[in-house]
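Protein sequence lines, in the order shown, are assigned to chains A and B. FYI, the numbering for the first sequence is 1 to 657, going by our numbering. FYI, the numbering for the second sequence is 1 to 152, going by our numbering.
Keep in mind that a hint or two might mislead.
[As the list claims (entries may be wrong)] Calculated lysine-lysine pairs in the PhoX-like style (CA-CA distance at most 20 Å, straight line):
{"no.": "1", "chain 1": "B", "residue 1": "48", "chain 2": "B", "residue 2": "98"}
{"no.": "2", "chain 1": "A", "residue 1": "6", "chain 2": "B", "residue 2": "98"}
{"no.": "3", "chain 1": "B", "residue 1": "137", "chain 2": "A", "residue 2": "6"}
{"no.": "4", "chain 1": "B", "residue 1": "137", "chain 2": "A", "residue 2": "19"}
{"no.": "5", "chain 1": "A", "residue 1": "6", "chain 2": "B", "residue 2": "48"}
{"no.": "6", "chain 1": "B", "residue 1": "137", "chain 2": "A", "residue 2": "21"}
{"no.": "7", "chain 1": "B", "residue 1": "6", "chain 2": "B", "residue 2": "48"}
{"no.": "8", "chain 1": "A", "residue 1": "6", "chain 2": "B", "residue 2": "25"}
{"no.": "9", "chain 1": "A", "residue 1": "19", "chain 2": "B", "residue 2": "6"}
{"no.": "10", "chain 1": "A", "residue 1": "21", "chain 2": "B", "residue 2": "6"}
{"no.": "11", "chain 1": "A", "residue 1": "7", "chain 2": "B", "residue 2": "48"}
{"no.": "12", "chain 1": "B", "residue 1": "144", "chain 2": "B", "residue 2": "99"}
{"no.": "13", "chain 1": "A", "residue 1": "487", "chain 2": "A", "residue 2": "7"}
{"no.": "14", "chain 1": "B", "residue 1": "137", "chain 2": "B", "residue 2": "98"}
{"no.": "15", "chain 1": "A", "residue 1": "7", "chain 2": "B", "residue 2": "98"}
The set of hints was computed from the structure by calculation and includes no laboratory data. Because the structure is a prediction, the values reported are computed rather than measured.
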Amino acid sequence: MNKRMKKAVQESFRFPETKHKYEFLMQAEVISAQEMQRKKRIPVVFRLSAAAAACGLALGAWAHLGSRSKLSENDFRDEPAIVTTMIGGNGESQPVTTAIGNGETAGATTVNVSAVTTVRTGTAKTTTVTSGSALTALGAKSRSTTASRSDHSRVTANTNSDTVTVEYTITNEEKTYYMKHLGTFASAFVMGGNAIPIASAAEYKLPYTRMYPNESDIFADIESNAETVDINRDGFFNMRDCYDLYCYSNHYQVSDTVADKCRKYGVSKIDDEENDTPPWLSYTELIRYFLIKEGAKAEFFSTESYPYRDTLTDTYAPFASDQFVSAVFSESDHLMAGYPLISAAYRSGLIDLDVNADGLFDINDYIDYYVCTTNSNKSNQNSGDFIPWERPEATVQRCNELRSKAEAITRDNWLENYFVWCLLEYTPFRSEYAEASYYNSIIPEKYARYYSPERYFEEYCETTGIEEYLFTFNTQKFNNCFDEYCKDVAAGRRSAPDINLDGVIDRSDYEASDIYFGDILNGRNASQSELPSRVWNNITSNCDFNNNGTSGDVYDIMITQMYVLINTGESSSSSGGSYNYDSNMGILLDINNPRSGDVNGDGEVDMADAVLIMQYLANPDKYQLTDSAMYNADVEGECDGLNTSDASAIQRRLLNL
Amino acid sequence: MSVDIKDQYDKIFRYCYYKIHDRDKAEDLTQETFLRFLESSHYHDMGKELHYLYTIAGNLCADAYHRKKTEELSEDMSDGKDYEDFILTNVALGNAIKKLTAEEQEIILLRYVNEVPIGVLSELYGVSRFKMSRMIKQILTRLKKDFKGSEG
Numbered sequence: 001m002n003k004r005m006k007k008a009v010q011e012s013f014r015f016p017e018t019k020h021k022y023e024f025l026m027q028a029e030v031i032s033a034q035e036m037q038r039k040k041r042i043p044v045v046f047r048l049s050a051a052a053a054a055c056g057l058a059l060g061a062w063a064h065l066g067s068r069s070k071l072s073e074n075d076f077r078d079e080p081a082i083v084t085t086m087i088g089g090n091g092e093s094q095p096v097t098t099a100i101g102n103g104e105t106a107g108a109t110t111v112n113v114s115a116v117t118t119v120r121t122g123t124a125k126t127t128t129v130t131s132g133s134a135l136t137a138l139g140a141k142s143r144s145t146t147a148s149r150s151d152h153s154r155v156t157a158n159t160n161s162d163t164v165t166v167e168y169t170i171t172n173e174e175k176t177y178y179m180k181h182l183g184t185f186a187s188a189f190v191m192g193g194n195a196i197p198i199a200s201a202a203e204y205k206l207p208y209t210r211m212y213p214n215e216s217d218i219f220a221d222i223e224s225n226a227e228t229v230d231i232n233r234d235g236f237f238n239m240r241d242c243y244d245l246y247c248y249s250n251h252y253q254v255s256d257t258v259a260d261k262c263r264k265y266g267v268s269k270i271d272d273e274e275n276d277t278p279p280w281l282s283y284t285e286l287i288r289y290f291l292i293k294e295g296a297k298a299e300f301f302s303t304e305s306y307p308y309r310d311t312l313t314d315t316y317a318p319f320a321s322d323q324f325v326s327a328v329f330s331e332s333d334h335l336m337a338g339y340p341l342i343s344a345a346y347r348s349g350l351i352d353l354d355v356n357a358d359g360l361f362d363i364n365d366y367i368d369y370y371v372c373t374t375n376s377n378k379s380n381q382n383s384g385d386f387i388p389w390e391r392p393e394a395t396v397q398r399c400n401e402l403r404s405k406a407e408a409i410t411r412d413n414w415l416e417n418y419f420v421w422c423l424l425e426y427t428p429f430r431s432e433y434a435e436a437s438y439y440n441s442i443i444p445e446k447y448a449r450y451y452s453p454e455r456y457f458e459e460y461c462e463t464t465g466i467e468e469y470l471f472t473f474n475t476q477k478f479n480n481c482f483d484e485y486c487k488d489v490a491a492g493r494r495s496a497p498d499i500n501l502d503g504v505i506d507r508s509d510y511e512a513s514d515i516y517f518g519d520i521l522n523g524r525n526a527s528q529s530e531l532p533s534r535v536w537n538n539i540t541s542n543c544d545f546n547n548n549g550t551s552g553d554v555y556d557i558m559i560t561q562m563y564v565l566i567n568t569g570e571s572s573s574s575s576g577g578s579y580n581y582d583s584n585m586g587i588l589l590d591i592n593n594p595r596s597g598d599v600n601g602d603g604e605v606d607m608a609d610a611v612l613i614m615q616y617l618a619n620p621d622k623y624q625l626t627d628s629a630m631y632n633a634d635v636e637g638e639c640d641g642l643n644t645s646d647a648s649a650i651q652r653r654l655l656n657l
Numbered sequence: 001m002s003v004d005i006k007d008q009y010d011k012i013f014r015y016c017y018y019k020i021h022d023r024d025k026a027e028d029l030t031q032e033t034f035l036r037f038l039e040s041s042h043y044h045d046m047g048k049e050l051h052y053l054y055t056i057a058g059n060l061c062a063d064a065y066h067r068k069k070t071e072e073l074s075e076d077m078s079d080g081k082d083y084e085d086f087i088l089t090n091v092a093l094g095n096a097i098k099k100l101t102a103e104e105q106e107i108i109l110l111r112y113v114n115e116v117p118i119g120v121l122s123e124l125y126g127v128s129r130f131k132m133s134r135m136i137k138q139i140l141t142r143l144k145k146d147f148k149g150s151e152g
């Protein structure tokens with residue numbers, strides 16, 4: 001089918017636009033992520049069980065193959081299965097050791113060279129073993145035998161002046177026997193190997209911790225002294241060692257082994273004036289190391305768990321375990337290490353994070369929880385300048401229940417953080433969660449100033465290094481959505497970017513978008529912006545020009561500015577405004593301008609450079625430019641420094657205006 | 001998951017719309033298709049996601065069609081042919097396509113509008129790849145013949 005015909009067929013069909021595509025895709029993204037998470041959990045159990053069963057079967061098969069049936073007297077396999085012949089360079093036969101198929105071994109056998117003849121015919125390998133002194137000497141029956149489909153090898157080596165040739169023949173029976181073993185082993189190996197990646201994928205890591213500045217060195221010392229930190233010398237370093245060290249340091253009764261070891265390494269007790277203990281050998285550091293390494297587990301916080309129950313048996317045992325558990329809670333609180341407990345509780349259904357009870361755990365649950373927590377804050381209640389955004393009574397009740405359950409599990413107050421981490425673990429990450437503007441369409445305007453749910457996402461992004469991702473500008477993505485937007489506007493499917501609501505597309509729309517961009521980069525809200533609230537709110541709620549679900553993001557701003565440039569009288573070109581961004585790139589790249597406009601140094605001049613200039617102008621502390629970038633960025637005017645006209649100049653060049 | 005829901009959403013919608021000629025219902029069925037697809041995770045690992053998606057959509061459309069048949073027809077409801085006129089915009093080619101059987105039209109829609117690979121189509125219709133290729137070739141030959149005839 002030629003392209004014209006194909007296009008004609010395609011264009012023959014016309015379908016209506018979907019109405020709820022993007023709402024559904026957002027929900028589907030969440031469902032998909034939760035499904036994947038559920039899927040990831042179940043197979044670990046099944047596949048580990050399957051791997052164990054496979055290993056058991058493989059071992060059973062191996063053991064069974066070892067007990068071969070006894071051969072009958074007339075069975076061919078009673079013949080020598082392996083014949084090894086060593087022939088001296090002078091043609092004389094040498095004594096050799098020959099293995100026999102049924103397990104017997106005959107030593108010092110003399111084999112005549114003429115006794116073994118090898119015939120290879122095409123692909124079929126046949127060894128004819130002729131009876132003679134060799135077979136007779138091996139105690140086999142004296143008859144001519146042909147062992148078809150056997151393997152035959154010859155190795156020739158020079159030893160001084162003599163040539164020694166060693167030949168051996170393995171019958172097909174032997175090959176099958178060993179191949180069965182190899183096959184079984186390979187099966188077991190593959191089965192076991194399949195299970196290993198699943199097990200390692202299940203390993204948990206804390207999103208981030210609050211370690212002390214020099215603590216990583218201390219942890220490195222602990223790792224390099226693995227034998228020393230095994231305080232009770234049971235061969236493992238675990239919470240029991242931490243507890244033993246704690247008991248010794250606090251004058252509780254410990255076993256002789258523990259006491260000997262602690263004395264050997266000079267572990268000090270709490271009242272000791274002299275302290276020669278290395279800094280890494282303290283129970284506090286061991287607990288912290290263990291919590292980070294293993295993540296918090298429920299048994300660490302239970303006085304009934306085995307380390308505390310079995311180590312001490314005297315009358316002071318309950319006190320020791322209580323105090324130790326308190327110490328573990330304290331360190332866990334400081335490290336924010338309680339998240340694994342919350343995550344596990346959510347998975348097992350102990351806590352329900354779907355606080356709005358809509359059947360889906362998503363960002364709306366977090367917002368409800370955050371609002372309820374903020375509303376219940378005493379200092380907020382007492383301040384006269386706080387208008388609470390009231391949530392439904394049932395939601396408030398579920399939030400309170402969740403908080404009390406979570407605090408009972410972790411005994412800390414990090415649930416807002418843990419909630420965010422859970423959301424990011426069980427649902428897809430969306431960069432706009434960390435932007436205040438995202439919540440403006442959810443929290444009513446009159447309450448918006450009292451709530452900042454984005455702060456926990458910001459904190460997460462900052463501490464985990466995702467911040468860069470938030471403001472990443474993808475030129476290709478912009479190119480696609482801009483072209484699509486222009487076509488839609490031309491076809492009347494979408495409205496032009498009149499973001500300041502004055503009814504015309506002009507320079508003031510460009511400037512308004514510039515101011516808004518500066519606001520979002522500097523964390524300013526509608527009340528702090530130079531823009532009228534009406535305009536600011538319009539951008540945050542009605543200007544999702546690239547249809548990504550977020551109104552007023554960097555793409556929307558750039559679309560506005562490029563569209564304004566095309567539609568205003570700033571054009572110096574008679575092209576009438578081409579919407580094809582790619583086709584204009586070549587023209588720009590051909591310009592022999594020492595100030596290239598390549599601000600980000602990626603070798604190309606594109607929208608990302610204009611965005612970087614605007615980011616620098618909005619927040620120079622955050623978006624720093626090198627000297628060469630500053631030089632290349634100053635494309636407009638006569639070396640007058642960076643300003644908005646430079647970004648605008650790059651945009652105009654890209655549009656060939 | 002190898003199937004991109006964003007890409008497939010419109011295609012499944014077109015398929016459903018073509019089958020039942022009702023925009024709102026088609027979108028409901030599209031979403032139902034994806035929900036069922038997402039909930040049945042065991043199919044994702046089989047490398048036949050597209051096949052599975054179209055099978056679900058086809059079954060849901062068939063169910064919807066049967067339910068619709070039992071409903072009382074209102075006076076302003078027209079038959080499917082009128083909807084086809086609405087869907088097929090190119091008059092000459094549209095006439096040629098309308099002369100095809102329902103199955104052939106569907107194959108053309110899937111192959112050239114939704115760009116479903118021949119391998120998936122052959123699985124959907126339970127024929128070999130070669131037979132599917134021959135079927136498509138035959139359909140196109142007839143389409144070209146009719147198209148040229150109507151133009152001339």
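*Has the given pair, residue 7/A with residue 98/B, been kept, meaning a C-alpha gap of at most 20 Å?*
holds (17 Å)
*Below or equal to 20 Å on CA atoms is what counts here, so check residue 7/A against residue 48/B.*
violated (27 Å)
*Holds or violated: are the alpha carbons of residue 6/A and residue 25/B at most 20 Å from each other?*
violated (29 Å)
*asked:* For a C-alpha distance cap of 20 Å, please report whether residue 137/B and residue 6/A respect it.
replied: With a Cα-Cα distance of about 13 Å, the restraint between residue 137/B and residue 6/A holds, given a limit of 20 Å.
*If you draw a straight line from the CA of residue 48/B to the CA of residue 98/B, is it 20 Å or shorter?*
violated (31 Å)
*Within a Cα-Cα threshold of 20 Å, do residue 21/A and residue 6/B meet the stated pairing?*
holds (9 Å)
*Given the hint that residue 6/A pairs with residue 98/B, test it: the Cα-Cα distance must not exceed 20 Å.*
Given that 20 Å is the threshold and the Cα spacing comes to 17 Å, the pair holds.
_With the threshold set at 20 Å, check whether the alpha-carbon distance from residue 6/B to residue 48/B stays at or below it._
It holds: about 17 Å lies between the C-alpha atoms, which stays within 20 Å.
_For a C-alpha distance cap of 20 Å, please report whether residue 137/B and residue 19/A respect it._
Roughly 35 Å separates the two Cα atoms, so the pair is violated.
*Is the hinted pair residue 19/A and residue 6/B satisfied, with a Cα-Cα distance of at most 20 Å?*
holds (14 Å)
*Compare the distance between the alpha carbons of residue 6/A and residue 48/B with 20 Å, and conclude whether the hinted pair is satisfied.*
violated (26 Å)
*Does residue 487/A pair with residue 7/A here, judged by a C-alpha cut-off of 20 Å?*
holds (19 Å)
Violated hints, in rising order: 1, 4, 5, 6, 8, 11; the structure is consistent with all others.
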